[in-house]
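Chains as they are written, first to last, in this note's numbering: chain Y, 1 to 297; chain B, 1 to 445.
For the record, the hints were derived by calculation from the structure and aren't laboratory data.
Do not take every clue at face value.
[What the hints assert, rightly or not] Here chain Y is said to cover these stretches of chain B; the calculated rule only asks that three of the stretch's residues, wherever they fall, bring their Cβ under 8 angstroms from a Cβ of chain Y:
#: 1; region: 132-146
#: 2; region: 308-314
#: 3; region: 414-425
#: 4; region: 434-443
[Unchecked claim] Cross-link-like lysine to any residue pairs, in silico, SDA-like; alpha carbons within 20 angstroms at most:
#: 5; chain 1: B; residue 1: K399; chain 2: B; residue 2: K49
#: 6; chain 1: Y; residue 1: K160; chain 2: Y; residue 2: D115
#: 7; chain 1: Y; residue 1: K66; chain 2: Y; residue 2: V30
#: 8; chain 1: Y; residue 1: K160; chain 2: Y; residue 2: M96
#: 9; chain 1: Y; residue 1: K230; chain 2: Y; residue 2: R212
#: 10; chain 1: B; residue 1: K49; chain 2: B; residue 2: R429
#: 11; chain 1: B; residue 1: K399; chain 2: Y; residue 2: A196
#: 12; chain 1: Y; residue 1: K80; chain 2: B; residue 2: K399
#: 13; chain 1: Y; residue 1: K80; chain 2: B; residue 2: P308
No experiment lies behind these values; they were computed from the predicted model shown.
Virtual Cβ for every residue (Gly too), placed ideally from N, Cα, C.
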Amino acid sequence: MRCCNRGILVGFVFCVVVASAVVLIAADPVQLTRDGRLKFATTVCSNGREIVYCELANPALYRLMKLNLQDRTSQPLHPKAETSEFDPVFAADGKMYAFLKTIGVLQAAIVIHDDMGNKLGQVAPAGGFSGLRSPAIAPDRSRVVYSFGEGGRQQLFSAKFDGTERQTLADTPGINNWPTFSPDGRTLVFGSSRDADFEIYRMNSDGSASQRLTNSPGQDIRPKFSPDGKRIAFTSHRDGNAEIYIMQADGSHPQRVTHSPERDDYADWLPDGEQLIIVREHDGWHDLFLVSAPSGQ
Amino acid sequence: MFDVGSFRTKTCGTGGRRSFLRLAASVPIGMGLSQAVGQQVERHGPRAKSVIFVFLWGAPSHLDTCDPKPDAPLEFRGPFHSIATRTPGLNFTELLPRMAARSDRFSIIRTHATSEPGHPDGGTMALTGFKEIPAPVQPNFGSIVAKHRGHKGSLPPFVSLARGIVMDGGRRIEGYGGGALSQAYDPLLVGCSAEGDVEIPALQLLDGLNPLRIRDRTALMRQLDTVPRTLETVGFDSWGRHFQSAYDLLLTPQARQAFDLTRESEQTRGRFGHSVFGQSSLLACRLVEAGVPYVQLNYSRHVEALNPGFEFGWDTHLYNFELLQDHHCPILDRAYPAMLDELQERGLLDQTLVVLMGEFGRTPRISPNAARDHWPPCYFSIWAGGGVQPGRVIGSSDKRGEQPIGSPISPLMVGTTIAELAGLDTQARAEMNVLNGGQVIDALL
Numbered sequence: 001m002r003c004c005n006r007g008i009l010v011g012f013v014f015c016v017v018v019a020s021a022v023v024l025i026a027a028d029p030v031q032l033t034r035d036g037r038l039k040f041a042t043t044v045c046s047n048g049r050e051i052v053y054c055e056l057a058n059p060a061l062y063r064l065m066k067l068n069l070q071d072r073t074s075q076p077l078h079p080k081a082e083t084s085e086f087d088p089v090f091a092a093d094g095k096m097y098a099f100l101k102t103i104g105v106l107q108a109a110i111v112i113h114d115d116m117g118n119k120l121g122q123v124a125p126a127g128g129f130s131g132l133r134s135p136a137i138a139p140d141r142s143r144v145v146y147s148f149g150e151g152g153r154q155q156l157f158s159a160k161f162d163g164t165e166r167q168t169l170a171d172t173p174g175i176n177n178w179p180t181f182s183p184d185g186r187t188l189v190f191g192s193s194r195d196a197d198f199e200i201y202r203m204n205s206d207g208s209a210s211q212r213l214t215n216s217p218g219q220d221i222r223p224k225f226s227p228d229g230k231r232i233a234f235t236s237h238r239d240g241n242a243e244i245y246i247m248q249a250d251g252s253h254p255q256r257v258t259h260s261p262e263r264d265d266y267a268d269w270l271p272d273g274e275q276l277i278i279v280r281e282h283d284g285w286h287d288l289f290l291v292s293a294p295s296g297q
Numbered sequence: 001m002f003d004v005g006s007f008r009t010k011t012c013g014t015g016g017r018r019s020f021l022r023l024a025a026s027v028p029i030g031m032g033l034s035q036a037v038g039q040q041v042e043r044h045g046p047r048a049k050s051v052i053f054v055f056l057w058g059a060p061s062h063l064d065t066c067d068p069k070p071d072a073p074l075e076f077r078g079p080f081h082s083i084a085t086r087t088p089g090l091n092f093t094e095l096l097p098r099m100a101a102r103s104d105r106f107s108i109i110r111t112h113a114t115s116e117p118g119h120p121d122g123g124t125m126a127l128t129g130f131k132e133i134p135a136p137v138q139p140n141f142g143s144i145v146a147k148h149r150g151h152k153g154s155l156p157p158f159v160s161l162a163r164g165i166v167m168d169g170g171r172r173i174e175g176y177g178g179g180a181l182s183q184a185y186d187p188l189l190v191g192c193s194a195e196g197d198v199e200i201p202a203l204q205l206l207d208g209l210n211p212l213r214i215r216d217r218t219a220l221m222r223q224l225d226t227v228p229r230t231l232e233t234v235g236f237d238s239w240g241r242h243f244q245s246a247y248d249l250l251l252t253p254q255a256r257q258a259f260d261l262t263r264e265s266e267q268t269r270g271r272f273g274h275s276v277f278g279q280s281s282l283l284a285c286r287l288v289e290a291g292v293p294y295v296q297l298n299y300s301r302h303v304e305a306l307n308p309g310f311e312f313g314w315d316t317h318l319y320n321f322e323l324l325q326d327h328h329c330p331i332l333d334r335a336y337p338a339m340l341d342e343l344q345e346r347g348l349l350d351q352t353l354v355v356l357m358g359e360f361g362r363t364p365r366i367s368p369n370a371a372r373d374h375w376p377p378c379y380f381s382i383w384a385g386g387g388v389q390p391g392r393v394i395g396s397s398d399k400r401g402e403q404p405i406g407s408p409i410s411p412l413m414v415g416t417t418i419a420e421l422a423g424l425d426t427q428a429r430a431e432m433n434v435l436n437g438g439q440v441i442d443a444l445l
């Protein structure tokens, strides 16, 4: 009997140790790429099976890459691209994506493709030095929202995929950037310097009812709604360097996710809402990592 | 009199630029700055055995990097937070935390001004101290030091780290080399990849010597074995001095080692960042350690950012805030502090002058397309090591970063100070007939 109890005890301890190890492993960042090139702007696609991101392919070219999460291999999304492409974003259902493409000397347009790579439209820049920024596709795939500089300000606009029917969503002093839709399409979160350095704001998708969500020294940028729309992941410099944070969708309960002496940035959610893809600078390299997202409240 | 009006420098082409800068020709640009104009600094030999001139080609925004104006109106100050440095009263933006943490190792000048609003002219002015026209083009600061020191051993006296002569679009910058001193004092051009592979373009001009990968010594020697046969084919007349120089240094083990970044630990290489600029910065340290007197470390070969086929430079007419945040500042903020640390740890910082600057600043008022254009009347430089007193803040710009308060500091004064610290005193400069009229920035010493 005593032996049996000891066996149960040993088994219990073993289970606790194993469970702890599993938790630790799950909490550890998992490195997904190993080429180390400068990387930006992650976007999850294919129901979480693939990640599209931007890398500095050579000293003169930004290139879009697609990472298969199963075999951890990366391939160029557009192998024949000869000019820089960057800021990729997929629609929530993965059926189309948008990105920025350099189309001339200091000229960059938003290009929209379906998931087969067929071009659906292009939002062209204005004349002269002109480029659009940070596209986001509405969940109903009817419009694209983007940031664009005019009159010394960087505003948020919404337009059809050919650039027509442009509507102004955010027209304030300062820089407005990184708009992202909530899963239901009713809300946008974005970064803005209208009040100070970059902070995160939300507003209705028609541009009404703007509300500030963060207030910290240093920039809070690149917000992304979680798949259930209840939380927002973002990058913050509040603790001295770029780290990933999560807060509730109303801005409450900010929680630090990453703790790295180097830079963690460009987070996007996997569909399970429990993990984030990030770009981590580590020992001078830049790679994609998978990190656990705390469950929050 | 120094009369600065407004600037219209919205295009980067050679045509259409207009500047309303007027400098009274009768008074040098920096008159009044120094209380000891022409004063000789007492010394025994050069304070700087070597110079690393870090050229932020394309011109970084001073407001978004080292001269933030957090109290300026929103249309000027930009979106970045201002952080304290280790130097009392000196703030940088949050994009440069590592540099801020090392500000006690360098001094900063925030009152530079140049008369040249475009890249080709501004580049030549920044590298020579003089306008490109009238001919002849004056020599690069590095060429002056190279002539003064001479070509000793197998290492060249002047190395420019880039895959070619720095360019603005298709136009090369005439102040890249020896100019009036002759091509004999042009730099040896050396390229370095993000992976640390070193290329010497001069050797590519000969058949049988393709882009050189120094890390592969066996292949290198095999390639070099073909050179005599190649020479027999092409003739010795076409074997220019630079090819000889490159050939000589590659045949010398000590010289080859200076170019071989694989001799550094992975930790050291990572500290600089795996970017072209990061690994080039490490290479600059190795070249200085090996005895090269002058290294011009170019951030990029081209000024433009996001132009098809061109490297990403600091000319951020478009996406200024995005490029600084995502690309340029993370690279710079890793490589430059690592360079200071590395030189310090190798005991080289005291004898190596490190100067970091662009060719001008960028518009304090945010441009219509939410970026920043050229701004010649006000920009910054950072000086470390080699006879410079660290921790000083020299001069300041006005509330919006538009104009220097007090007398501005010219590129000619930059070159004169570099030459002075490298051992060319007033007499040596006069005998060489270079940097005429230049004054030393005494506040640095």
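Here is what the structure says about each hint:
1. 132-146: With 0 residues in contact (Cβ-Cβ under 8 angstroms with chain Y), the coverage given for the region 132-146 of chain B is violated.
2. 308-314: With 5 residues in contact (Cβ-Cβ under 8 angstroms with chain Y), the coverage given for the region 308-314 of chain B holds.
3. 414-425: Violated: only 0 residues of the region 414-425 of chain B have a Cβ under 8 angstroms from chain Y.
4. 434-443: Three-residue rule not met by the region 434-443 of chain B, so violated; n is 0.
5. B:K399 / B:K49: 38 angstroms, violated
6. Y:K160 / Y:D115: 18 angstroms, holds
7. Y:K66 / Y:V30: Status holds; Cα separation ~17 angstroms.
8. Y:K160 / Y:M96: 14 angstroms, holds
9. Y:K230 / Y:R212: 16 angstroms, holds
10. B:K49 / B:R429: Roughly 17 angstroms between the alpha carbons, so the hint for K49 of chain B and R429 of chain B holds.
11. B:K399 / Y:A196: The given pair, whose Cα atoms are some 17 angstroms apart, holds under the 20 angstroms limit.
12. Y:K80 / B:K399: 48 angstroms, violated
13. Y:K80 / B:P308: Holds: K80 of chain Y and P308 of chain B sit about 14 angstroms apart, inside 20 angstroms.
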